[in-house]
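Trainee: My request is simple: use the sequences and hints to build the entire structure.
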Amino acid sequence: RKEVEQDPGPFNVPEGATVAFNCTYSNSASQSFFWYRQDCRKEPKLLMSVYSSGNEDGRFTAQLNRASQYISLLIRDSKLSDSATYLCVASNQAGTALIFGKGTTLSVSS
Amino acid sequence: DAGVIQSPRHEVTEMGQEVTLRCKPISGHNSLFWYRQTMMRGLELLIYFNNNVPIDDSGMPEDRFSAKMPNASFSTLKIQPSEPRDSAVYFCASSYSADDEQFFGPGTRLTVL
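Chains as they are written, first to last, in the working numbering: chain A, -14 to 95; chain B, 21 to 133.
No lab work stands behind these hints, which were simulated from the structure alone. Just so we're clear, the structure is a prediction, and the values are computed from it rather than from any experiment.
In the BS3-like style, the derived pairs of lysine-lysine whose C-alpha atoms are separated by at most 30 Å in a straight line are:
#	chain 1	residue 1	chain 2	residue 2
1	B	K98	A	K30
2	A	K64	A	K27
3	A	K27	A	K(-13)
4	A	K(-13)	A	K30
5	A	K27	B	K98
6	A	K30	A	K64
7	A	K27	B	K44
8	B	K44	B	K88
9	A	K30	B	K88
10	A	K27	B	K88
11	B	K98	B	K44
12	B	K44	A	K30
13	A	K(-13)	B	K98
14	B	K88	A	K(-13)
Mentor: Shown next as structure tokens:
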């Protein structure tokens, strides 16, 4: 089983739509969780950290379910500029590195 | 502030040649990571350093790959000899601690003919 698994998509949505991504992680001892965004031919950049209580940043909401070992990202009112690949990230069991999922591709169209 | 710096940005070489990729992490960061990204395999961790010491190199594909970090501001990833299947984007990233937010460099796009 891969350590961090995501639906690769692509998710094709119209502007204004709400879209949700889920990912699962295999290491029950993972302590740090993030969502990264990667634009085409660019490096990954931090979108937001994910906290146990859930957190929101504008149109983006991240949630963590430790019991089920999954992380979610909700994007409301999608914009064309949200088109990118979203990478789910969890720390490894030893807490010494981050494990990246393969990413979910989002395409927002007008 | 300068982010993570990588060079070269693009490298085209022939099979069998030696390739050296370079990285300068963000000043003050204690952890440095080398990744390889391909469409098929996604982002793979090759090796990471903590305070200039290699901690885990289990992701290094084979003995043709080696990495060094002689000081806190410089690291290299070397492939010798290179093969076409090494073609990928190689990212360097740094962070304050190993499980903290990582900042990525722009990557080196390697093509081995």
